[in-house]
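Visitor: Chains as they are written, first to last, in the numbering used here: chain A, 1 to 340; chain B, 341 to 680; chain C, 681 to 1012; chain D, 1013 to 1344.
Among the hints, a few may not be true.
Said to hold, decoys possible - Away from chain D, derived, C-beta distances all over 10 Å, residues of chain C:
{"hint": "1", "residue": "L713"}
{"hint": "2", "residue": "R743"}
{"hint": "3", "residue": "A793"}
{"hint": "4", "residue": "L862"}
{"hint": "5", "residue": "R880"}
{"hint": "6", "residue": "D897"}
{"hint": "7", "residue": "G913"}
{"hint": "8", "residue": "R945"}
{"hint": "9", "residue": "L974"}
{"hint": "10", "residue": "K982"}
To be verified - Heads up, incomplete: computed chain A residues facing chain D, CB under 10 Å, no partners named:
{"hint": "11", "residue": "M83"}
{"hint": "12", "residue": "V253"}
{"hint": "13", "residue": "P254"}
{"hint": "14", "residue": "T259"}
By construction, these hints were calculated from the structure, which means they are not laboratory data. Just so you know, even glycine gets a beta-carbon here, dropped at the ideal spot from N, CA and C.
Residues per chain are reported as follows:
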Amino acid sequence: MNNRLANDRRAMPLPATIAEAIALEMERDPSILCIGEDIGRAGGVFGTTRGLLDRFGRDRVVDAPIAEMAFSGMAVGLAQAGMRPLVEIMFVDFIGVCLEQVYNAAAKIPYMSGGRQRMPIVFKTAGGCIGSAAQHSQCLWGLFAHLPGIKVVAPCNPHDHKGLMAEALRSDDPVVFIEHKDLLLRKGKDFRHHPEVPDEAYTVPMGKAAVVRPGTDVTLATLSLSVEHALEAAETVAAEGISVEVIDLRSIVPLDTDTVARSAASTGRLLVVDEDYLSFGLSAELTLRVIERLGLTGLRQVERLAVPDVPIPAALSLEKAVLPGPDKIAQRLRQMAGGR
Amino acid sequence: MNNRLANDRRAMPLPATIAEAIALEMERDPSILCIGEDIGRAGGVFGTTRGLLDRFGRDRVVDAPIAEMAFSGMAVGLAQAGMRPLVEIMFVDFIGVCLEQVYNAAAKIPYMSGGRQRMPIVFKTAGGCIGSAAQHSQCLWGLFAHLPGIKVVAPCNPHDHKGLMAEALRSDDPVVFIEHKDLLLRKGKDFRHHPEVPDEAYTVPMGKAAVVRPGTDVTLATLSLSVEHALEAAETVAAEGISVEVIDLRSIVPLDTDTVARSAASTGRLLVVDEDYLSFGLSAELTLRVIERLGLTGLRQVERLAVPDVPIPAALSLEKAVLPGPDKIAQRLRQMAGGR
Amino acid sequence: MIRANAEGNSGEPVTHARFRRMARMRAFDEACLDALRRGVIHGELHVGLGQEAVAAGMAESLRPEDAVVSSHRNHFHALAKGVDARALLAEICERETGLCRGRGGHMHPFDPATNFSATGIVGASLPVALGYAHAFGMQGGDAVAIGVTGDGGSHTGGFHESMVMAGARRLPLVALVENNALAISVPFSEISPTATVAERSSAYGALGLHVDGTDVDAVARVFAQAMDHARAGRGPVIVEATCHRFRGHFEGDPEGYRPREERRRLREQFDPLTLYRARLEAAGESPDVLDGILAAEKSGMKTLLAEVLEDEMPDPAGALDHVFTDNAGRPA
Amino acid sequence: MIRANAEGNSGEPVTHARFRRMARMRAFDEACLDALRRGVIHGELHVGLGQEAVAAGMAESLRPEDAVVSSHRNHFHALAKGVDARALLAEICERETGLCRGRGGHMHPFDPATNFSATGIVGASLPVALGYAHAFGMQGGDAVAIGVTGDGGSHTGGFHESMVMAGARRLPLVALVENNALAISVPFSEISPTATVAERSSAYGALGLHVDGTDVDAVARVFAQAMDHARAGRGPVIVEATCHRFRGHFEGDPEGYRPREERRRLREQFDPLTLYRARLEAAGESPDVLDGILAAEKSGMKTLLAEVLEDEMPDPAGALDHVFTDNAGRPA
Ligand SMILES: Cc1ncc(C[n+]2csc(CCOP(=O)(O)OP(=O)(O)O)c2C)c(N)n1
Ligand SMILES: Cc1ncc(C[n+]2csc(CCOP(=O)(O)OP(=O)(O)O)c2C)c(N)n1
Ligand SMILES: [Mg+2]
Ligand SMILES: [Mg+2]
């Protein structure tokens, strides 16, 4: 029976894990409420808020009009009124209509108020590529991470989604929580990396990376869907005798440079894989922080693999060409292992 | 007489140089028009559009309501209708209300249309610190640079403002043109680095950095106001026997890695100074690109100095503490020159 | 008898032309569904089935120099504007022969030749249409810009800001609001502070028109009125066309928010083709002629799809092209 | 005789309280100008001189549990809400003793104790006020959220979106639009599609009220009506108060867009203190009493400024504090 249950939970689709985390927190803390398009009656376009409206009512689960500026700013006012809002921006690509309230208000008010006004807000959103072209495929964690005052989280498996969502909802800081659409559409069993998901509430801390596969030749740091791709690539090249240590960063802000640097110091080779745009983003920041930590002579190779500064094309043949998928990762790993 | 004239032009405040560039281009090309708040009757809050309304009329110089989403999107429609709009977002900090039209439309349509629709739009805006606190002090070039499809320019002297504005207006690609408020408030004579500003129209290419002071011990790459600070610091430490090569990047996209790498290869030391936020921005990208170019062993030291991921505080005592001003630059240069 | 004034089948009675346009639109989206089932379309496909009368009614008043900026649900507006159906279908099927060489996809068709474009961001069509309207105002002709959005889009800030600017400058902008009473799952009645969108027009000094968007004759008439107003320089117009969405918001939408029963009822009662057919037959039109039109459009579209599916996919080697005119700024 | 129901001088006749509030506001902004001249305030300072009657009229209807979210021109609204004048002035003078420890500055005062906040982004106050309104709606009391913006702010998308949501949910939100007929240099009459902002209220199912914002009695009456409406759960209200800005948009504004002559005329004709004084004197009030109030407020504020200027500047060592609760995420 226990086994059946565990199996059932492993078969749960990812969105149910997220909905469970939110429900447990809303139960625990009556000041939590959710606002977003289609999060109520429909339970979220991916099902991540399913069941919440029935359970918590329309004051705490607000089906919003397409008015992101209003309802992201609403979160700021709610926080000022002592509430702990979760706001869903359906796809992260839409942030351009309401970034104002995220970066100029939520992210800055704690500082601007001299620490007198906290902003316990979760901006929950879906990113990543599943064949949806330029305006519905972005990751954009690099954009948020550049702007001070917001934590930025992008988990890769059901266990961490549940734990990091709870952590985000308990945090007194604003958190951007980026789910990956490809992961949202998966069954639990389709995850390579899938630790047990406990029934009860628990948290996973932000800013602690996880070594999800140990290895000795190359350190590969990444996050979100790319962890799955990295594991696949690592398995592929393992058969060829290349041992890859795969690190799931879990959050971009805070960024766990320690864990990555420790690993890179031992392998001497660092590859950062990022489904976000290549330039002015995560890959350069993380690589350089590791270099700053270990010194220019502390590493033999650094490489990065990311979307090469193009909008995501519609045609799958092109999308594949710009994404850091398992094949490209494996190829890059081979080059590195064969290199200097 | 020629001398008097040259002197007069050197005394011109920076905004007049910009207004002159726009006027010359509008004269040359009837498809150019300008839209923004207070750009008409008031001539721009800094005077960068002074005289244009009288000369070109209210169809081509549009005093807009506070409706940035409407008028930045308007630029997209105008471009589609064959026009070449310049849109002013008064302060770059306000981009959060209309980023959508900049990054999802203007920046992506050329690609999304398979090259069939070009977007010759200039988004002109003012950034930088002059004691105006968290919502009116940002640079944010790192944010734009992360998003594919937009060129990003931030000149440092009257000559380049005029030439790069002309270049931006003639470009068929969307360009974000970021002026620095501190520079806008200067008289021509207050610039350390001030090449002659010719009367007639000319262009300065995007993506070509300028070595504004040659040196042998440390390469310092920066842009916008920080070029002035860098020159001041370089002068200070020159007296102490430290020779600094100062490079003005001029644009962030395209980024002239070549020029910086060439210099860094010879000095062995690279310092990137950035008034934008430290993390996930220009400083890491440029430094890492240079490392990628020269190899991990091609440099002795890399350092960066930028706003340490905090909102800009109101109090001047605090603002000074977070900005990479001349003193901090000089101090960092000394550390580097004295180091390994 | 009035003759159709737009593309193809010239000389055809206007009733036939209207029916044919709707039939073509329906056949087009059915071809899309077919292509989707074959796995050649990706992402969230939004079809317009049930809403044909709106675009078909609009089509008659459109001139080549007019501009239409549409939304995520844009196929019918593209066809109405005269975008080449083959190029559009090829784009939706992500082919190199597509309108945008397969880079844009179904939510992002751009056709400089017909002044047609779209966006996947709700409400973002209006500001772009405003830009065309300003250009048209400057150029001094009587071209009009149409910004299309849904009921959901009418709540966006961009809608408001665009109407404010168009109202103050009396620009030739028509905001066409297809009110299908739903924004994905959220009923208009629950999130709108007003019973209609059209009644908000007074806030913008605009003309507000409301029309039954299942009645192609009514749409054609009301839309013509809107265009006349805008062409005459009398400022912007909001045209609200009420209609019904017959399928999920996107293909794959589980539609947990409305009973199957209701969807069936909507299809039975409000199919614009069925309704128009009934009207024409009541006026003596021969069912055979109408069947003939339906069959011709359907088979034409089938052929088109078959052709398109033979076209090449974009070459991955070109994946980085077209970002900048000079390919500068691309990392080495 | 009616008594003033808000802070200080309780038992004072309401006329004196109104005059005193306006006198205090004026003295406050004059102190700011004084501080500016001494070089202790940086950035674009926006004073409210000429607009005192709006905030003073609002003050009487505000309860501690109500919330006010204001704009770049926020000092008077802060005082009306009961924000401590000393802490506010110290913040504006960038002192460690300031409301926000000198981090926020004049455009960004935050006072959780009185539910007062502001923003330097035009129009961004409304969404935040909407958040308070939703919280108040949930909490079931009769607290009201006031979002303050200028005429310029009424054109923003955020204004529209917030009113849509408040209208549909009938939330206790009052949008106070201080219409001083200018957004920096741009005249309202030139960029607004409507003659007033209040008339747009029907687009949101809101109550729209228009008042002469130079007349403190009128504002107090109309604002009370608005608050009653909102407190009673009858949904949002737009209160438009027409007024005049006596100085440049910000200190240092060259004001090339209006003749000096006009500014002088506005000051002569529409000074709310002068107007109110005339009314009170006509009704038999002694000029000495009013002079006494003016003098007391002025000298009180002078003393306050002198005190504040003795306060410490923030210690640069703390420049990185307060970003996150745990100081995490800061680069090593
Ligand atoms: C700014 C923005 N927010 C949310 C979405 C996601 N989304 C796509 S379509 C849609 C509903 C649109 O409703 P409506 O405007 O009525 O058009 P309809 O789909 O009914 O034709 C939503 C919420 C989006 N694309 N853009
Ligand atoms: C989104 C945004 N756009 C532009 C500005 C620059 N700006 C500051 S105040 C102002 C004018 C505001 O006019 P109004 O709302 O009428 O207020 P007033 O200054 O007249 O009190 C402008 C354009 C801004 N702060 N935010
Ligand atoms: Mg709809
Ligand atoms: Mg104003």
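Visitor: Now tell me, hint by hint, if it's right for this structure.
Guide: Quick rundown of the hints versus the structure:
1. For C/L713, the requirement that its beta carbon stay farther than 10 Å from each beta carbon of chain D is met, with the minimum near 34 Å.
2. Taking the minimum C-beta to C-beta distance to chain D, about 26 Å, the non-interface status of C/R743 holds against the 10 Å cut.
3. The Cβ of C/A793 sits about 32 Å from the closest Cβ of chain D, beyond the 10 Å cut-off, so the non-interface label holds.
4. Non-interface status of C/L862 relative to chain D is upheld: no Cβ of that chain comes within 10 Å, the nearest being about 15 Å off.
5. Its beta-carbon lying about 4 Å from the closest one in chain D, C/R880 breaks the requirement of being farther than 10 Å from that chain.
6. Every C-beta of chain D lies more than 10 Å from that of C/D897, the closest at about 29 Å, which supports listing it as non-interface.
7. Consistency note on C/G913: stated as away from chain D, and its beta-carbon is indeed over 10 Å from all of that chain's, at 15 Å minimum.
8. Consistency note on C/R945: stated as away from chain D, and its beta-carbon is indeed over 10 Å from all of that chain's, at 26 Å minimum.
9. No beta-carbon of chain D comes within 10 Å of the beta-carbon of C/L974; the shortest separation is about 41 Å.
10. Here C/K982 stays apart from chain D, with its beta-carbon at least about 43 Å from theirs, past the 10 Å limit.
11. Proximity of A/M83 to chain D holds as hinted, the smallest CB-CB distance being about 5 Å (cut-off 10 Å).
12. The beta carbon of A/V253 comes within 5 Å of a beta carbon in chain D, closer than 10 Å, and the hint placing it at the interface holds.
13. A least Cβ separation of about 4 Å between A/P254 and chain D falls short of the 10 Å threshold, and the interface hint therefore holds.
14. The closest approach between the C-beta of A/T259 and any C-beta of chain D is roughly 13 Å, which is over the 10 Å cut-off, so the hint fails.
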